[in-house]
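Mind docking these for me? Both chains are given alone in their own frames, and the hints should help you get the complex.
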Amino acid sequence: MAVRSADYVLKRGFFALVTIFVAITINFFLFRVLPGSAVSDLSKVPHASPKLRHALTVEFGLDKPKWEQYLIYLKNLAHGNMGVSFVYQQPVTHLLFADLKNTIPMVTVGTVAAIVVGVFTGVLSAWRRGSPPDHISTNLAIFAYAFPTQWLGLMLLIIFAGILPAGGMSNPFVFGTEPFWQHLGDIGVHMILPAGTLMLTAYGSYTLVVRSAMLETLGEDYVLTARAKGLPPRRIVWRHAVRNALLPMVTLIALELGFIVGGALLIEVIFSWPGIGLAMYQAIGQRDYPMLQGGFLILTVSVIVLNFAADLVYFRLDPRIT
Amino acid sequence: MSMQIQEPLLAEGPGVPPRRGGFFLEVLRQRKSAVIGLAIIAFFVVLSVVAPYISPYSASAATCAVYAPPSPQHWLGCDDGGIDMLSELMQGGRISLVVGFAATLVAMVIGGGVGILSGYFGGWMDVSLMRVTDYLLVIPDLVFMLVIADLWGASLFHVIMVIGILEWTSTARIIRAQVMSLRERVYVKRTRALGAGNARIMWRHILPQVGPLLIANTVLTVAIAIYLETALAFLGLEDPTVTTWGTILEHAFERTAISSGAWWAIVPDGFVIAAVIVGCFLFGQAVEDALNPRLKAAHLSLRRWRLRPLVGRGPDAI
Chain U
-15 MAVRSADYVL KRGFFALVTI FVAITINFFL FRVLPGSAVS DLSKVPHASP
35 KLRHALTVEF GLDKPKWEQY LIYLKNLAHG NMGVSFVYQQ PVTHLLFADL
85 KNTIPMVTVG TVAAIVVGVF TGVLSAWRRG SPPDHISTNL AIFAYAFPTQ
135 WLGLMLLIIF AGILPAGGMS NPFVFGTEPF WQHLGDIGVH MILPAGTLML
185 TAYGSYTLVV RSAMLETLGE DYVLTARAKG LPPRRIVWRH AVRNALLPMV
235 TLIALELGFI VGGALLIEVI FSWPGIGLAM YQAIGQRDYP MLQGGFLILT
285 VSVIVLNFAA DLVYFRLDPR IT
Chain W
-7 MSMQIQEPLL AEGPGVPPRR GGFFLEVLRQ RKSAVIGLAI IAFFVVLSVV
43 APYISPYSAS AATCAVYAPP SPQHWLGCDD GGIDMLSELM QGGRISLVVG
93 FAATLVAMVI GGGVGILSGY FGGWMDVSLM RVTDYLLVIP DLVFMLVIAD
143 LWGASLFHVI MVIGILEWTS TARIIRAQVM SLRERVYVKR TRALGAGNAR
193 IMWRHILPQV GPLLIANTVL TVAIAIYLET ALAFLGLEDP TVTTWGTILE
243 HAFERTAISS GAWWAIVPDG FVIAAVIVGC FLFGQAVEDA LNPRLKAAHL
293 SLRRWRLRPL VGRGPDAI
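These protein sequence lines are chains U and W, in that order.
In terms of the working numbering, the first sequence has 217 at position 233, counting the first letter as 1, and numbering is strictly consecutive.
In terms of the working numbering, the second sequence has 39 at position 47, counting the first letter as 1, and numbering is strictly consecutive.
Extracted from the complex, chain W is given alone in its bound form (with noise of 0.2 angstroms):
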């Protein structure tokens, strides 16, 4: 009887988008900020994919003077090696959404097994792994990032795990709440009655429950981890031998741009940062809005997401 009663009103809390196939555009038709999201990286991504076969200059060797100021020809001018910088973002936007992706997606992998097991098995895994999460929610994570890369030495690959392996905090909070009120549902009891195992429940069952959550998750992930690459890569810790928007304004800055009045070696890379920052941020917020309007607070820490704890305490805690 009191089954009969909850049902209805579960299905309508918060995480569950009325149809699941046509649930993203629903987002985009209601919002405009996941249009303009959507399409800000939309335009990044199609321009990395094509950068080699539209930019102007080869983005490795010299083809002008030595910071030559922004001209017909370099329309953005050059940096300390004589390479047109217009070539080198592209190039640099190239690597820089790959570790954003290649980072985010260890940490959905991370974020989303920990979150799913945590929530869906409870008891004392849930304990000790929210613990470790707590654990580094409060650590400074750029600090902690700067001593492992270092210590495991300057390479594109170990700043994507190192990105990877600390950023996966706040969407294991989330997917741990969702599926600590999925897992009561009636479909699943039904599904264990019928004799599915916690591996096939977790798998067909709540995983595609909290996909959209996740996708939303990425999409935020994603912009911390460009946020993290280019300060990781200003500290020194990238790969030498690459270009990325963090490497550009590293050189800058230890090769006297500013001192030489070169701003174009800095102030665009600054903006296509800034504008894909705010591209995933405009489109995640949007898809984790329509999703669960309770948590609205989550844009406030676009960073680190740490108002999630605020959002409710006890049993329904986030």
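Same shape as in the complex, but just chain U (with noise of 0.2 angstroms):
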């Protein structure tokens, strides 16, 4: 038991760092080496006096072969540096870390709201398979994710427009002077809507691996058993077979993560939140190259790691695995 999860946590492990590398490594390719690459071409680079430049040179080793380039490359990220934002003359990574603390809340609420009601609903999907409220439900949870991201999040807009606040994360105008829980009470009521569009677009893939899941589960032996046992059907569905059908989601979660972070990012951009899918977004109008090269970066590894989490999880909650 013991080789078994050391081996497998090693092999996992190993396969996120080395997947951590290549990312970093076409994170390079990307913005140096290719055509149009924008880090190395700094006629891209807005507004640049000739000092600046020469600084830019130095710092980056433009002058250098590419390997040598590849080589400080990788050492300044190993002091965390990912080069100075155009627009903010700061620090890439200090402005995107501030913009992440900002996503990070934003992306668990909708996300654990999402897997609520996804669970939820394929639950009693499931368990009144045929039914109406079972049509109804599997028929939302289609649609659902077929709208694309932004529709759903203007819709939103539209409906709730005048009644909850439209955009930013907190009131401008008291930011600063009221008490720390009015404060934060002031940042819930923002994230009711970007919030809730990601709740929208991520549910209806959970509502239906769960339905599916349950489905498989409501017909294995040990449900009949709790049946003929006598054991009351709500029981049997909370206790037996729903602790079972959960298990796919571990899987599901991890692996919707980049879609959950594109998603978020268009979300971001819609209810003008100021996480670092904005910050992207931004950069891409302002062609501030270090930001969007730091924020992909940054959302890459985050994914990845997340992802090594869930294999961790998933390991531990079931035996079978090796």
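No lab work stands behind these hints, which were simulated from the structure alone.
Mixed in with the good hints there might be a few duds.
Unchecked claim - If you want a taste of the chain W side facing chain U, the calculated C-beta under 8 angstroms gives, among others:
1. P44
2. I46
3. V135
4. Y219
5. T222
6. L227
7. L241
8. I250
9. W255
10. I258
11. A266
12. F273
Unchecked claim - Below, simulated SDA-like cross-link-like pairs (lysine to any residue); rule was C-alpha separation at most 25 angstroms, straight line:
13. U/K(-5) x W/K181
14. U/K48 x U/N60
15. W/K24 x U/P116
16. U/K(-5) x W/G115
17. U/K50 x U/R16
18. U/K(-5) x W/P61
19. U/K(-5) x W/D118
20. U/K(-5) x W/Y127
21. U/K50 x W/L143
22. W/K24 x U/R113
23. U/K(-5) x W/V124
24. W/K181 x W/V119
25. W/K24 x U/E200
26. U/K48 x U/H38
27. U/K48 x U/I10
28. W/K24 x U/S196
29. W/K24 x U/I120
30. U/K59 x U/V6
31. U/K85 x U/K(-5)
32. W/K181 x W/Q201
33. W/K24 x U/P117
34. U/K50 x W/Y127
Every residue, glycine too, gets a C-beta built ideally from N, C-alpha and C.
What follows is the structure, given as structure tokens:
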């Protein structure tokens, strides 16, 4: 048992590390080597003085061969140095981590809401399969993920215009003056629409996965046994079936992370949520390549790390995996 | 001896349609959802083809007031430039479908090629190709597309390529699993014994066998491609001179459709996008179910198909 887990964790950990390294390398190639690569082409830096150009050339070693630039890039990354934003004239690392702190709560709330709604609708669908509620919930789920994320966000904006704040993370006119809990409440109100959009766009696949996993589980012998023992249906469903049916959810949550990150980016743009997605979107408009590069790297690495974490959770939950 | 026992078992294995020619007719006959899905897809394809002849107004010239509400003359109202929304939706559908199908073609060529090579040769080729696939599966694809599309510059061709070169991974995995079992079939071994080369076996004997699976994948990938096109367009990475279902949403958002109360510039667009995606999903799903009941978990993640690794682990992992 101990050997099994050590072996598995090492294997997955190694894969995660290799993937991160590949992401870092691809990032270098995209921005430095390929045609149109932005960082090495200083003519793309807006309003650069000769002095700034020289400073950038020295910092990134642009006058040196590519492989040497690659080593410099790796060394800088190891020190947490992702360059300086062209627009804000501040270190990218510093700026993006501040943005990431705004993104994480919104994405967490939205994802958790999606999981809760998905599990409930999925379980009810499977329990009452073939009934009108099942048809309604399954079709709603399919449509929820067929509608584009940005469209769902715009719909919420139209429906709740004037009722809930439509953009930003807090009321700019009271910021800094009110007590802490009030400030927190303000953020919470601003979070309803962005997190709600994320919930709508993500919950559909959870509903369907829970429904089909439940249908499979409800056909198992131990469910029959539970029924034969005379247990009440509610207890059979929630205590016996759901616990096993939730296993695929762990994998699905991990594997949908990439999609959630993409959706969060669109949502931040719609609701002006000051997160890392909005920062990247603005970086595109402003040709701020160090920010774009940094944002891509941070998001990719986060998804890889979270995937690894989900692998470990799944491994703990399901003893059949070796 | 053992081969003679295995052969009939394998013949009933996943992915072997009863008759190749009549397979799709069979699916359509048996599954209502396939008929509905195909009807939706056909409707939009036909509509796109005849759009220039039946669209009531020009899709590029102003024919009414800015954000004019729906009226008997303009059923879906008008957009920020006074362009009839219905005509714009028809025109946008043409480009969106072209992007969807073209990007899917790119994805199918790469995914089918990687899947067949990986499954057929195995060994180091399999390992290295599957590492690349795993990597692309794990990274957040919209973010990656955003970066590439931005570096390359906003154009229709770049949008197609960017979607195509990132959305082939699920196809590659499915085809690979299929080819790994096909490779061991007796008919392939006999063909090789008769002196056929690898290229001929793959082209003449493996590819036709994975054809239906590839088609099911194609339809599902079209849905993903259309979805991603709207997202990229929304982020301003679509060619500014074309009209697609994605740019309609972008314009409405950028040009204050919401504060003007012009819901008609937003609502119908979402419904046509969702309709096409659901259509592709119903049809592709039905075909795939018919091909391989074991894959029924596939519909669980329309966009990413990432449940597939769940379906099997070890040698029969998909």
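Right, here's what the structure says about each hint:
Residue-level restraint check for W/P44 is violated (minimum Cβ-Cβ distance to chain U is 25 angstroms; threshold 8 angstroms). Hint status for W/I46 relative to chain U: violated, with the closest Cβ pair at about 25 angstroms, above 8 angstroms. Among the interface hints, the one on W/V135 holds; its C-beta lies about 5 angstroms from the nearest C-beta in chain U, closer than the 8 angstroms criterion. The restraint placing W/Y219 at the interface with chain U holds, with a minimum CB-CB distance near 6 angstroms, inside the 8 angstroms limit.
The restraint placing W/T222 at the interface with chain U holds, with a minimum CB-CB distance near 5 angstroms, inside the 8 angstroms limit. Evaluation of the W/L227 hint against chain U yields a held restraint, the C-beta minimum of about 6 angstroms falling below 8 angstroms. Hint status for W/L241: holds, given a least beta-carbon distance of 6 angstroms to chain U, under 8 angstroms. With a cut of 8 angstroms, the hint placing W/I250 at the interface with chain U holds, because the nearest CB-to-CB distance is about 5 angstroms.
For W/W255, the interface hint holds, since its Cβ comes within 8 angstroms of a Cβ in chain U; the closest pair sits about 5 angstroms apart. Interface hint status for W/I258: upheld, as the beta-carbon distance to the closest one in chain U is roughly 5 angstroms, under 8 angstroms. A cut of 8 angstroms between beta carbons decides the hint on W/A266: the least distance to chain U is about 4 angstroms, and the hint holds. Contact between W/F273 and chain U, as hinted, is supported at the beta carbon level, the nearest pair being about 7 angstroms apart and thus within 8 angstroms.
Pair hint U/K(-5) plus W/K181 does not hold up; C-alpha atoms about 35 angstroms apart against a cutoff of 25 angstroms. Distance restraint check for U/K48 and U/N60: the Cα-Cα separation of roughly 15 angstroms lies within the 25 angstroms cut-off, and the hinted pair is therefore satisfied. For a cut-off of 25 angstroms, the pair hint linking W/K24 to U/P116 stands: about 18 angstroms separates their Cα positions. A C-alpha spacing of about 19 angstroms is found between U/K(-5) and W/G115, which places the hinted pair at or below 25 angstroms, so the restraint holds.
A distance of roughly 8 angstroms separates the Cα atoms of U/K50 and U/R16; the hinted pair therefore holds under the 25 angstroms criterion. For the proposed pair U/K(-5) and W/P61, the alpha carbon gap of about 60 angstroms is over 25 angstroms, so the pair is violated. Only pairs whose Cα atoms come within 25 angstroms are accepted, and U/K(-5) paired with W/D118 is accepted, the gap being roughly 18 angstroms. At most 25 angstroms may separate the alpha-carbon atoms for a hinted pair to count; U/K(-5) and W/Y127 meet this at roughly 15 angstroms.
The straight-line distance between the Cα atoms of U/K50 and W/L143 is roughly 19 angstroms, inside the 25 angstroms bound, and the hint therefore holds. Pair hint W/K24 plus U/R113 holds up; C-alpha atoms about 18 angstroms apart against a cutoff of 25 angstroms. Taken as a hint, the U/K(-5) and W/V124 pair is honoured in the structure, with Cα atoms around 17 angstroms apart against an allowance of 25 angstroms. Restraint check: the Cα-Cα separation between W/K181 and W/V119 comes to about 23 angstroms, which is no more than 25 angstroms; the hinted pair holds.
Restraint check for W/K24 and U/E200: the C-alpha separation of about 23 angstroms stays at or below 25 angstroms, so the hint holds. For the hint linking U/K48 to U/H38, the alpha-carbon distance of about 13 angstroms falls within 25 angstroms, and the restraint holds. Taken as a hint, the U/K48 and U/I10 pair is honoured in the structure, with Cα atoms around 19 angstroms apart against an allowance of 25 angstroms. The hinted pair formed by W/K24 and U/S196 meets the criterion: a straight-line CA distance of about 19 angstroms does not exceed 25 angstroms.
Restraint check for W/K24 and U/I120: satisfied, since their Cα atoms lie roughly 18 angstroms apart, inside the 25 angstroms limit. Distance hint between U/K59 and U/V6 is fulfilled; the C-alpha atoms sit about 16 angstroms from each other, no more than 25 angstroms. Of the pairs offered as hints, the one joining U/K85 and U/K(-5) is violated, with about 30 angstroms between alpha carbons and a cut-off of 25 angstroms exceeded. Restraint check for W/K181 and W/Q201: satisfied, since their Cα atoms lie roughly 15 angstroms apart, inside the 25 angstroms limit.
With a CA separation close to 20 angstroms, the supplied pair W/K24 and U/P117 stays within the 25 angstroms bound. A threshold of 25 angstroms between alpha carbons decides the hint, and for U/K50 with W/Y127 the separation of about 24 angstroms falls inside it, so the pair holds.
Of the numbered hints given earlier, the model fails hints 1, 2, 13, 18, 31; all others are met.
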